[in-house]
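J.: The residues making up each chain are set out below.
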Amino acid sequence: MNNSTHWTERDREHEHELLAQFKGLKSSDPEYQSIRDELVLMNLPLVQHLARRFRDRGEPYDDLVQVGTMGLIKAVDRFDADRGVELSTYATPTIIGEIKRHFRDRGWAIRVPRRLQELRIAISRASAELSQGLGRSPTVTEMATHLDISEDEVLEGLQSAQAYATASIDSSSSDSESEDGGGSLQDVLGSLDDAIEDIENRESLKPLLAELPERERAILVMRFFQDRTQSEIAEELGISQMHVSRLLARTLTKLRAGLADDY
Amino acid sequence: MTNQPEAAIRLTIPASSAYLSLARAATSAVCARMDFSIEQIEDTTLAVNEAASLLLVDAQPDSELQINWQSSASDLLVELVSHSSSGRPPRRTTFAWTVLSALVDDVDAVLAADRIRLSLTVHPTGALAQ
Chain A
1 MNNSTHWTER
11 DREHEHELLA
21 QFKGLKSSDP
31 EYQSIRDELV
41 LMNLPLVQHL
51 ARRFRDRGEP
61 YDDLVQVGTM
71 GLIKAVDRFD
81 ADRGVELSTY
91 ATPTIIGEIK
101 RHFRDRGWAI
111 RVPRRLQELR
121 IAISRASAEL
131 SQGLGRSPTV
141 TEMATHLDIS
151 EDEVLEGLQS
161 AQAYATASID
171 SSSSDSESED
181 GGGSLQDVLG
191 SLDDAIEDIE
201 NRESLKPLLA
211 ELPERERAIL
221 VMRFFQDRTQ
231 SEIAEELGIS
241 QMHVSRLLAR
251 TLTKLRAGLA
261 DDY
Chain B
1001 MTNQPEAAIR
1011 LTIPASSAYL
1021 SLARAATSAV
1031 CARMDFSIEQ
1041 IEDTTLAVNE
1051 AASLLLVDAQ
1061 PDSELQINWQ
1071 SSASDLLVEL
1081 VSHSSSGRPP
1091 RRTTFAWTVL
1101 SALVDDVDAV
1111 LAADRIRLSL
1121 TVHPTGALAQ
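Chains as they are written, first to last, in the working numbering: chain A, 1 to 263; chain B, 1001 to 1130.
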């Protein structure tokens, strides 16, 4: 799409002025941030439009807008008006690229049947809701009643989530890129060396652990060396228990592929 | 889900990771029948996947992996039996063993003839157990 559908000639001229100003600025200049923000805000409808195209593929729309906006920011930063194209034209492939990368990172090949993805999301959501009320992880029976689907369908959803977790090891797992390096995460990671002290093959484990994203490394330490449950870890990190489960499965698959002398 | 505490399921698959999805699916189903919580289903499934992967490292070429699930009122016992190349059970000081120990209540491995029998025991903590 082109913003021309919504934009007046005045809007376009304003954008050109902003871009011309922005081009001469360094990131340390006082106006840099405000002009950049304005350019991003002006083009947000483009991100929303593109995100809508991917809406029913298993990831929340808001998340898609968020990653798409990252693409827009990159495009604004790299844009060169001298190339003679509009910013929206230049930004579109970057935004779509970020959205697609998000799907890849989340492990969803876009071809995964939509019904299974929806089931997986419904189950993950129901699991979180029920856990709140019950004070523990729900059973399949409880989930089936809550969602008004059969127990076999709940199982099918769980299994597709597992399959997807183990199949997605080639992703760069950058869904943890935007994590905050919160204090508790740092504490956990600080204790890593002590935690693996008794592991015989720790020397081959160490470089593999070092390659993991921080959050996945922390989850691994908490679950396998600190005896914390998935639910406890989920609560601490503000993600769902099923997400923790998926990350654990993925991390283990990744480690197994590289770990020598583990028998 | 009708609770069926006493059940025995057997599965024999080629010793190849290509068939592990069958082991995972069966594990989920058995755990669900026992009214395990979702979290425990996922931990147990992860454990079976890890245990099977561990045995595959040392499995004889073109051999089979047998998996037995035995549920009772008090626990689930999963036994994985493989034909070992090295003729020794997996060591207990590795990362793999640490992972298994964290995921289930008890893990053990013994050698019998040229077979390794790795067993995982899980006590349900779901609705029924509370």
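It should be emphasised that the hints constitute simulated quantities derived from the structure, not laboratory data. Where hints are given, some of them may not hold.
Quick look at which bits of chain B chain A covers, simulated, 3 or more residues with Cβ under 8 Å [claimed, not checked]:
1. 1022–1034
2. 1069–1076
3. 1088–1101
4. 1107–1118
Note that the coordinates shown come from a computational prediction; the quantities given were computed from them, not determined experimentally. Here a beta-carbon is modelled for each residue, glycine too, at the ideal position from N, C-alpha and C.
J.: None of the hints should be skipped; say for each whether it holds.
T.: These are the hints, each one checked on the structure:
no. : hint      : in the structure
1   : 1022–1034 : holds (count 5)
2   : 1069–1076 : violated (count 0)
3   : 1088–1101 : holds (count 8)
4   : 1107–1118 : violated (count 0)
The earlier numbered hints that this structure contradicts are 2, 4.
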